[in-house]
Amino acid sequence: MQGKTIWILGFLTFLAALNAINAIFMSFSLGMEGTFQPYLIDSLTGGIPVYVYLFASVLATFLFLGATSIKTVTELSNKALLNEINSKVNTIESGQKLQQKVLESLQARVFLVDESVNGMRKEVAKAFTKQAEELKQVQANLAKNQSNLAKKFDNDLSAVKGEMTRQINGQSEEIKRTNRNLTNLFNKNLAEVKDELAGQLARLAGTMESHERRNRKSEKIILKQKEEIAEIKTKMELLEEESVAPKPLLTSQCKVEDVRGIGENTGNELREIGITDVGELVLTDPKLIADKIDMSEKTVEK
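Residues 9 to 310, numbered by my numbering, are exactly what the sequence shown covers, in order.
These aren't lab readings, by the way, just hints derived from the structure by calculation.
Any given hint might turn out to be false.
Said to hold, decoys possible - Restricting the straight-line Cα-Cα distance to at most 30 Å, the calculated cross-link-like pairs of lysine-lysine (DSS-like) are: (1) 184 to 241; (2) 96 to 12; (3) 169 to 144; (4) 79 to 96; (5) 159 to 169; (6) 241 to 228; (7) 79 to 12; (8) 225 to 241; (9) 159 to 184; (10) 134 to 152; (11) 184 to 169; (12) 144 to 159; (13) 152 to 130; (14) 109 to 96; (15) 169 to 152; (16) 300 to 263; (17) 225 to 263; (18) 196 to 184.
Claimed, not checked - Using C-beta positions, here's what the derived DEER-type ranges look like: (19) 143 to 108: 34 to 42 Å; (20) 71 to 97: 32 to 40 Å; (21) 30 to 80: 24 to 32 Å; (22) 147 to 124: 50 to 58 Å; (23) 153 to 183: 55 to 63 Å; (24) 123 to 160: 49 to 57 Å; (25) 78 to 30: 20 to 28 Å.
On a predicted model such as this, the values are computed, not experimentally measured, just so you know.
Built from N, CA and C at the ideal position, the CB exists for glycine as well.
Let the sequences and hints guide you as you build the complete structure.
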């Protein structure tokens, strides 16, 4: 109800402002002392001076404008609305305080992390320094041990060479006897393997020849079946052409659905690309039509 009152007062303010503007224009055309006859109340008031009409219009405009403003402010300053605004403001302030606390907590944690990183950096530097000293000590020990091992290795190597020479001389005869035995055994087994492989190759050749004969026979049967299938397809196409009734001759103004092989779905797709009749279909490039719809270029040419 309050909203309707505001609308009514605003409308009256608008009408009063229009009358004030009309009075201003009349003051320029008739002069402030001039008179005019109102359209609706001329029988009651008679001629009215322009300055009276202007004063009354301006006064009415200010009165209605003041009433509209007071009503609008009164409605907007509703207690429930103010409470809701205060509640939202309090919520926002609470959120800001919480964000401030979270920010302070994050700053404290970052400070602790920085302290921890600095401590770790110092410990790592100390560890690297200690490790470098230990590496120097290890290198010195390795150099000393390497010299001792080289001397010991030279002595042991001379002893090993003498022992190996004696063992090699003793095993040479045994190796010669073993080679003779292996040569005899290998020659005997090689002859047996050759005979076995010759027999397997002969059996494999017979099997391959049998498979080749069967393959040639199967190929002849397949070729014959292909010829029969092609002949059947030819007969079916002839029967299909004979069974389809001839359509009347087409003109350039006929619909695209009147063309044989074009259904409703294809017709809709052709209309979407701007082809609405047979004339436009004939004049359009088949390659362009094939690119726009789901059909091959050869089918479009047919």
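Return the numbers of the hints above that this structure violates; sort them in rising order.
1, 3, 9, 13, 17, 19, 22 and 23
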